[in-house]
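Below, each chain spelled out in residue letters.
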Amino acid sequence: MIKRFGRKTRETELEALLRSARPRPSRELTDMLTTYVARAPARSGRGFPARLAVAVVLSAAMLSAVSALVGVGYAASAPKAAVAAVVAAVTAPVSSAPAAAPAPAVTASSQSQEGNEEDDDDEPAKDQYKPGKGCGDKNHVHAKENECKKGPK
Amino acid sequence: MPALKRDPLADPAPLIRRVYAYVAYRIGDGPDAEDVTSEVFERAVRYRASYSAGKGDPASWLIGIARRCIADLYAGRQPQPQLEDVAGDVDVEGETVTRLTLAGAVEGLDERDRELIALRFGADLTARQIGHVVGMRTNAVEVALHRALARLRAELSDSSGTASLVLRPVRI
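The listed protein sequences correspond, in order, to chains A and B. When you line the first sequence up against the working numbering, it's residues 1 to 153, in that order. When you line the second sequence up against the working numbering, it's residues 1 to 172, in that order.
Don't read these hints as lab results, they were simulated from the structure. Note that CB positions come from ideal geometry on N, CA and C, so glycine has one too. Among these hints, one or two may not hold up.
Ranges between beta-carbon positions, derived for each pair [as the list claims (entries may be wrong)]:
(1) B:K55 with A:A78: 52 to 60 Å
(2) A:V57 with B:A49: 21 to 29 Å
(3) B:D57 with A:P41: 18 to 26 Å
(4) B:N139 with A:A53: 41 to 49 Å
(5) A:R24 with B:N139: 25 to 33 Å
(6) B:A49 with A:P79: 47 to 55 Å
(7) B:D72 with A:R39: 34 to 42 Å
(8) A:A82 with B:K55: 58 to 66 Å
(9) B:D110 with A:R24: 24 to 32 Å
(10) B:T138 with A:V57: 37 to 45 Å
Please model the entire structure based on the sequences and the hints provided.
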């Protein structure tokens with residue numbers, strides 16, 4: 001323990017010696033370099049603001065591009081669509097008669113194809129499915145007496 | 001953000017002392033050490049804007065520059081060890097003898113030990129800072145420093161026990 005303490009003390013002395021006896025610059029060198037550093041232009045600090053400016057400009061450009069494509073374009077087209085809707089609503093009664101005419105015509109033509117048994121209900125399936133069409137259907141209505149050779153099962 | 005704008009050379013005097021001590025421990029006290037120190041601060045002023053506080057303190061940054069300057073110096077000149085007798089300086093006072101003996105013992109170390117001694121006791125860097133500069137772990141730096149000090153102690157006991165012969169690099 002004493003030996004180790006003594007060794008530690010020697011190390012500390014050596015370290016202290018290395019620090020205290022370390023080479024020192026001459027006063028002339030220190031003064032010359034201090035003056036040189038003081039007279040040299042100080043750091044302008046230009047790097048970071050320049051980078052910041054580039055980042056801000058790029059962000060603004062991207063933001064304006066995105067808003068022009070999505071937000072502002074949609075907002076600009078909204079009043080135009082609203083005006084068109086209002087105009088259509090105001091002018092609708094004047095031009096409704098020719099526009100509404102084809103609808104009853106379609107209904108009448110479908111009724112004439114299906115026959116007079118069908119009612120005038122407006123179910124969507126009615127236009128798509130027409131029972132009794134063809135001899136294989138049990139609901140087929142014979143227009144002539146011997147239209148089908150075999151009767152429905 | 002103010003750390004990024006910090007001027008590494010705002011207070012140059014203590015940095016000059018630390019850099020000079022490091023350089024002198026590496027290549028020997030004298031005109032060469034003064035030249036290298038001047039070169040270090042000239043480069044530091046030139047590249048002042050590239051300093052980043054996040055990568056280390058100003059002393060570590062300057063020591064990094066100093067290491068490159070010394071490498072450039074050694075690339076131009078190859079030092080050759082030659083025996084030189086310090087006994088001729090017996091007439092000088094005790095402090096000078098101690099300095100010369102210590103300088104001789106440090107020069108007797110190998111390059112890696114001398115580098116570590118110079119960084120620790122010349123530049124006054126911590127083990128962590130030394131690790132950052134030389135690319136070693138802090139624990140490895142502490143162990144290497146401990147061994148370098150042991151070898152230096154052996155050098156000192158040899159030189160005091162024998163004829164005070166020291167190895168000094170001589171320029172070609």
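Comparing the hints with the structure gives:
1. Between K55 of chain B and A78 of chain A, the C-beta spacing of about 53 Å keeps the proposed range 52 to 60 Å intact.
2. For V57 of chain A and A49 of chain B, the hinted distance range of 21 to 29 Å is satisfied, since their beta carbons lie about 22 Å from each other.
3. Between D57 of chain B and P41 of chain A the beta carbon distance is about 22 Å. The supplied range of 18 to 26 Å therefore holds.
4. With their beta carbons about 44 Å apart, N139 of chain B and A53 of chain A fall inside the hinted range of 41 to 49 Å.
5. Taking 25 to 33 Å as the suggested C-beta distance range, the pair R24 of chain A and N139 of chain B conforms, at roughly 31 Å.
6. Separated by about 53 Å at the C-beta atoms, A49 of chain B and P79 of chain A satisfy the suggested range of 47 to 55 Å.
7. Under the hint 34 to 42 Å, the C-beta atoms of D72 of chain B and R39 of chain A, about 25 Å apart, miss the expected range.
8. Checking the proposed 58 to 66 Å range against A82 of chain A and K55 of chain B shows it holds: the Cβ atoms sit about 59 Å from each other.
9. Judged by the Cβ atoms, the range 24 to 32 Å given for D110 of chain B and R24 of chain A holds: they are separated by roughly 25 Å.
10. Checked against the hint of 37 to 45 Å, the C-beta distance between T138 of chain B and V57 of chain A comes to roughly 43 Å, which is consistent with it.
Going through the hint list in order, the structure does not satisfy hint 7, though it satisfies all others.
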